[in-house]
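Undergrad: Go ahead and model the full structure; you've got the sequences and the hints to work with.
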Amino acid sequence: MRVAPTRRDAAVGAALAVLHLALLAATLDVGFSRDESFYFNAAEQYAGWYDILLTDPGKAMSKESVDHFFAYNGEHPALPKMLYGASWRLFGQMHDPATEPWSRAWYFEGQPPEPILGWFSESTAMRLPALLLASFLVFAIYLFGVEFLGRRVALFAALGWMFQPHAFWHSHFACFDVPVTAMWFITAWAFLKSLPPPGKPRAPTHWRWALLTGVALGLALNTKHNAFFFPPLAFLWWVGARRREFGVSLEGAGLRVRIPPIPLAFFAMLIVTPVVYWALWPKLWHDPIEHLKFYFGFHAKHEYYWVYYFGTLFTKPPFPLPFPFLMSAMTIPGTTVLLFAAGTLRLFKEHLVRTGARFSAGLARVAERMPVREPGVILFVFLNFLVPFAVIAYPTVPHFGGTKHWLHGVPFACLMAGVGFEVLLDGLKDVADRVGGALRSRRVQAAGAAMALLLFAGPAAYDTLTDTADGSSYYNAYSGGRAAMGELGMQREFWGNSSYSALPWINEVLPPNSRVDFHDTTWDAVRMYWRDGLLRRDVIPVWDYKNADAFLFHWHKEFTDIEADCRDYYRLEVPAFVAAPEGVPLLDAWWKNAAKPSGKKP
Amino acid sequence: MTTPRALSTRRIAVSLFLVAGALAYVAMGWVQRAGVADDGSWEQAARVVRQDWKEGDLVVFSPAWAHAGAPRFQGLRVDIAELPDWYEAAKHPRVWVVATAPQREPTPPEGWQVISRTEAGAVTVHLWGPPADRPLAWDGLASMKDAKVSHGDGTARQECSTWQDDRWHCGPPHPWQNVGLITRDIEGRERTAIWAHARDNNDPLEIRWPNVPAGRTLTIHVGLTQRAIEEVNGTPVAFEVRVGGSLVVQRTIGTNEAGWFRHDVDVSDRGPLDVAVRIVTKSNPFRQLCFTADVWR
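Here the protein sequences line up with chains A and B, keeping their order. Residue numbers are given in this note's numbering: position 284 of the first sequence equals residue 284, and the series is strictly consecutive. To convert a position in the second sequence, counted from 1, into this note's numbering, add 1000.
Among the hints, erroneous ones may be present.
[What the hints assert, rightly or not] Partial chain B-side listing against chain A, Cβ under 8 Å, derived: (1) Met1028; (2) Gly1154; (3) Glu1190; (4) Pro1272.
[As the list claims (entries may be wrong)] Below are the DSBU-like pairs computed for lysine-lysine, each with C-alpha atoms no more than 35 Å apart in a straight line: (5) B:Lys1091 to A:Lys546; (6) A:Lys316 to B:Lys1282; (7) A:Lys592 to B:Lys1054; (8) B:Lys1054 to A:Lys546; (9) A:Lys301 to A:Lys63; (10) A:Lys316 to A:Lys59; (11) A:Lys316 to A:Lys301; (12) A:Lys596 to A:Lys546.
Since the hints were derived computationally from the structure, they do not count as laboratory data. Keep in mind the model is a prediction, meaning the values are calculated, not measured. In this text, a Cβ means the ideal position worked out from N, Cα and C, and glycines have one as well.
TA: What follows is the structure, given as structure tokens:
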């Protein structure tokens, strides 16, 4: 049943969140992905708007200002980029073109703003809001778990989310995927809290949570369009969970329709959410219909990204239906996957037994011994896990190749893994009770539980905290480790960030003024590498290997022809540098001046 | 009815299974990471290869995709494609197989000899020799300049006599409607082959070598590029090979048909050979056909 989290629970959740933030901060050596680089650019452009807002608010609200500052990247809501831009303005250490004239080319319109606090590198300043939100998500998962599923479930769920190499890697980025995961989770949490437990009356607190649901959904929609799937999910859940309260009966001359109390949050979603959505997206202020038409049109007709999956390069629909499920099973640490399977089976069994208990006294007795859970909560968690996966699984939906597009379902999968952890602890307690003696002591059992936690969370933590720069190329040991990318023919890096691993090689080996084809790494990412002092400023980026001295080939199956052309053009057979975490090449650096193959004894 | 004790036994079994699964996971992860070659191992492996390198040798990796140590082999002939191609490797007198986990002890293809095996840290260097009784007599890839390329039939037949950038063009140089060597992703790996993009409207493209040295077997490989099979446009391509005017290979490759199709033709009783390849399709967008032709003694 629902248990109000205590202050101690809040302290544990906060400690986990702070730990998460510390781990993220200690592993900022993550290269800039393609999408992040676009959002860097957008954040920088949007940040200019704050200066106008502070000096002339009226002008800032004008269509002219909005069109000027928010023209770029209108295919996504502005809120995350506005936050990244604000953080950058406040905390970033910008270069001064007066003392470093070359740095003009690194900034929008050639002019960086004056630093305010200047505490962090520019990329870290941009990433800060995303890091904080990712950490808050850990807090939210823990408290959600405590309130609806119990402390043991909560603890493993929070750790299970923290220690996932792909999610951890994405948590670093000034992107939308982990922020929308956090916003979705907060919306779901607020929604559930806005409903009184079955049989209990509404209290003022439920009104507040309903209002918060509306606000949270508005923020989620302002983060990424995935959030549009939450209202139908919530409605589906309400109908499913309260199905026995619906009814139609003949009464006198007419029909009497019975429906359960409509969640207040639905009204908030209809009234509050659109206001928040409109208010926080400047592009909607002056021409909402036109911009929404463009926005929905863009996403409804999104181009297909190529997907390398079990040795087949999928370039067009139908894409493989099991893709998100199998990719998660292969890219979430194996011990968490194991507990997820155990938790899912337990919940499925509970559902069957509770359904059967209505018809069988024997099953009713079994049901009595099961954990007491608030009706509907498990279905709610299950739907929040399933829907994000199912949306991407649909064969005509772009699959993109990575794992981030259904990330907002993963915290709920972690809650189910938490139930698996409970299954594990229950079984181990039974072992202790059977063996008896000292094993029955509470201290020994607590130590056993701690060891079980270490056995299951420890490997996940190890997997997550090694090769952090290349988190998107992680595959779990059950799949064969990172070698699965080569052995099974799976997607490797995702996307464009692997240049980061080649920067030390570029800086140390290439002669002054070398021209480098950065391949899948964008100009915006290169600009940020310069600004953060990670790339020599004399390096000349080009996106044409024929006019370059070196070519940084990002290993994607769809690009291998380009590598072959470059190799033939440079008359080389081996790259001068290979970035290969756990031995799997993610990036081959081809350098014109490397030794040519002769076939003769060198 | 299930008793509490039976339920408890079931819970114990599940939890022990989970613990065993987690321990197995830890062990698997440890073994996988321990198998990864470090810089020292790669350096050692490269030294082994260089010490006994002979002209014409080739280096491949096992697994083929595991070329993390490739930079150590600068200056040598090295194949870094994602999948092995033992057919092409057999054109070299000796092949160095630089092997790491998870395929550190690969099995040589049928008929190949194991010459040596050397441990180099986390790498094992195998030296293999292809079947010695089957030397290559002629390789179409190396004889591209000797080919006679033409298109059209009968009176409409036209020679493609423009040789530019190592390719034959029919008239002025064309970016893709030409015949020459290329490396393209075909059936899972980059393959160097003869690019012979089909012409439109059933206009036949012919590549002919009039004086190919005699041998026992003519081996043809043919297929469409990865880019071609991804396309929805174009029509199936008819591919034919004639030796001395006789049809010896005939295959139609479907619009999205993946494969690197091998045909072995017995030519043992024939003298110098006249080998002609003919390619026809009705609609040619992305009909990027590639092939190789070899004669083995």
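Undergrad: So, against the hints stated earlier in the document, which numbers end up violated here?
TA: 2, 4, 10
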